[in-house]
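> Given two chains presented individually in distinct reference frames, assemble the corresponding complex, making use of the accompanying hints.
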Amino acid sequence: MNDSKFIQIQGVEQAFKTPKGRFVALQGIDLTVAKGEFVALIGHSGCGKSTLLNLIAGLTRPTQGTLLCANREIAGPGPDRAMVFQNHSLLPWLTCFENIYLGVERVFGRTEKKPQLQQRTDDALALVGLTHATHKRPGEISGGMKQRVGIARALAMEPKVLLMDEPFGALDALTRAKLQDELLAIVQKTQSTVVMVTHDVDEAVLLSDKIVMMTNGPAATIGEVLSVKLPCPRNRVELAEDRHYVMYRKAVIDFLYTRQGHVEKAA
Amino acid sequence: MMAAARTFIRAAEYWVPSSDGSLLEFGGGSFGDASRLAAITPQLCFGRGEGLPGQAWENGYPVVLPQLDHSNFRRADAARAAGLTCGVAIPLWQGTQLRAVVVLFCGDDEQHAGAIELWRNVPEVSPDMGLVDGYYGTTGDTFEFISRNTQFRRGTGLPGLTWERQAPVFLDNLGKGSGFLRADSAVRVGINRAYAFPCSTNDGSVCVMAFLSALATPIARRIETWQPATHNKSPVLVSGFCDTTGVLGPAQAAASPLATPQGQALLSRALADGAPAITGSVLLLPICPAGHTTAVVALQL
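As you go down the protein sequences, you meet chains A and B in turn.
The opening residue of the first sequence carries number 1 in the working numbering; numbering runs sequentially from there.
The opening residue of the second sequence carries number 1001 in the working numbering; numbering runs sequentially from there.
Isolated chain B, as found in the complex (with noise of 0.2 Å):
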């Protein structure tokens, strides 16, 4: 039997809140075959710009750490130990209230590739989205320039149409035709597939995360999206992708690991109040782009 790929997103955890709202306390987390780094995180608190969820809170807006032996992350050794090599902090908002930070952890070597992005856009200094920082890992650096040198317009490009639509966008065989406007360039440095959400921000600017991945490193085991249903119904599985299956929709929700009593409580739960959860190896995490809950992104680690 063929071993599974490893996912480059590999670990996840996520942060609330103290009950005075001075620090940032452990919520949960799913470390895979990161031991080291399960092993020391729930002892740990961060204040207000202290280290990767830290950041995240001061910023206002997600914060990409290209470099986890960068001197703000504080457990390098353990992160190094399982061949992390990138981190992400996502805080989520609702309103001016920090309902938590979600952290991801990405690896990728000579043999998976994928990036990360984060594009933000200032309605007061530009009409465009501009990158604010990337990770670009073994993809080369062709893919990278011209990311870094592009801006998107609401609506054109994987990060525009993330913004147009404020909810989560999937893109499977990028390459011509895809529609993907960086497609050739990231065909030929591995990447086909992107996935992208909108992100919560305090202070009226736009983010949009796009993670960008290759065949043989899937972005997840499974990503799902999830909306809340009307009239009371159970939540909807609207899309979504499974490294197995293939291309998710309503007519696959019973094959969720969230399909289960306790899964759709949690996401219930996840889109009544805004606030991320682990079961298992799946994260929970809320898409409130605008401050409120719009939907619910499942990554199955």
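So here's chain A without its partners, still in its complex pose (with noise of 0.2 Å):
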């Protein structure tokens, strides 16, 4: 399998029947991602960045082209690839540790006996240090514990792909960074393939390799890729004062800006 090219989107439409006829959200979607890779999508609201996430689920199916994912077409949800929503979708009535085994059972049930299931789901907890709130209820937990819960369940999965859609949106700016530290350093120990939907321009580029940045909709497509050479590991406050980090955040910046209400006119 090529590593460069782990998850392969080739010519993808989305359009959807609507009471005033067809509605095309994506077209003419073409994107690699590597292995390893983090890539953000940014644009605003309404480009179809959730579209094409759940498209990479497999909780959609594209109306024209192909997805692949090691080289396999994406036809349906799968375990290869987990998702983290802004709603934690957590189940209320369970602990932390029963949210997280669920999802454990379900992949490798069938194949590990119950004390490697306990220990795969001791494990993500400790991932996201949430070792202390083994036994707590959704209820008996901040939001970002919560969302920290919903990441420790997508990785002990094992998925080949993390996909990501706004999963910091409802939490505060201290939280959030906070959480976007750990997820920076969890992705570093688990070298995951990370494909996340953002709205924050600070947020994609402290932690993507890759900003893709989308046009805006209907019939959004992607409009620029940006590189994101910064070294790694990446420290938010010595990044504060980076030239390149700083260059980079405008490079987004101004394609978001620009590009808003002048959408027939982008050169």
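Hints are computed from structural coordinates only; laboratory data are not their basis.
Quick caveat, the model's predicted, so the values are computed rather than measured.
A couple of the hints might just be wrong.
[To be verified] Derived DEER-like restraints, expressed as beta-carbon distance ranges:
(1) B:S1126 x A:G129: 31 to 41 Å
(2) A:A173 x B:V1238: 47 to 57 Å
(3) B:S1126 x A:A177: 31 to 41 Å
(4) B:G1204 x A:P218: 27 to 37 Å
(5) A:D242 x B:G1291: 43 to 53 Å
(6) B:A1251 x A:P231: 49 to 59 Å
(7) A:P231 x B:G1204: 31 to 41 Å
(8) A:E13 x B:A1251: 35 to 45 Å
Each residue gets a CB set at the ideal place from its N, CA and C atoms; glycine is no exception.
As structure tokens, this is what we get:
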């Protein structure tokens, strides 16, 4: 398998039937993601970022084009592609441990015994620093901790790809920063391939190897791709004054604001 | 009377294949005040892969030589004496047949800012158009850094728009609202105009050459884009820019240095056979992105 083409999206179009007729949300989407790469999808609301993420997750099928993951067509959802949503989607009647265990059992239950499944669950909780909250229910922990459980649940399934749809969008700024730093450390440790939807320019530059900037919808497509070549590990305090970081940040802002209101005129 | 601003492109020449196709021979040139370059150039010829013109022939797509004192440039002393800092070689292909190689020489200094970028898409490798090489002279590294890390899709940005239109694109007054995606970085380093045209290649790749310049340093005195007319009429001036009179369109055709019968004949010939020409200080550069000529760019130096 070619590691530079771990995820391949070729000529993808996504259209929906609406009472007013056919609505093309995405068109002409071509994108490759390398193994271990962290890719951020950024663009204005309604540009189809989440639609594209859902296509990679296999939650929807494209009306045209193909999507491949590890050379296999994405024909539906699978444990090789785990999703983390803005809304953590935890089951409120289960503890943090049980929420994660549920996913672990589904993926590894046929091949592994209970102690191994429990160990996987404990490891995932430890990875996100939540060992102390093992037996707490979602209603007993903060929003940031809930999101950590969501990430732990996704990572516990050892997915080939981690798909994140504005994972920190509902959190306050300080918690978001803390979780971003934690995610950076986790991804560096697990070498996961990540595709993340975000509205946050700083988040995109801080976390990504590649920022995919999308044009405004309808019929949105990829406009520009920015390669972020900042050294790893990344430290947000040091990067705040890094001239290259500032340049990347400016380039993304230029794209988003130049495009806004000039959809047909971009050059 | 104010002296005219120095242009960013200061000299041009073109090379044509010899009768047996083994060498590139001098076809013509306009060298401005680069007299030493003008004196030694006509005696030269280049094999495939030799010198700047031969390198473009070998590659099959344009070459940017950001440093003219590079070992592959044989006329470095003469170029340096005339203040020329950068060279660009553009092969003109019609199918697999090389018609000519056009070489443009540029110069800048502390008072004259400009940049050249060569963008290329290789369809088998990527859907994006990325920077092959560029010359950024005195513009500093902010703009260069962003350009080197950015890839454009067809239809987006100056390179992507030129790629989509398969025709020259001129953007005046870059800045807020111009739609130039790197506008902020460009304006900060003094760049406020951009001109890009698609180039022909012989390997299936798609290339766009972009010239970016500051008000004080026009890309050329006058840039005109001519397209063939229908019904056997004269070629049509579709767009352009003049250093002194501003934006050009069909209404300004009569004021073109190519408005003479000789100029029109040269234009018609360049449009018909894809061969470059130089008359006085005007270079006629055929644009043949898909192997046939769709326009001629006239650069008055």
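> Run through the hints listed earlier and report the numbers of any the structure violates, in increasing order.
Hints that this structure does not satisfy do not exist here, as all of them hold.
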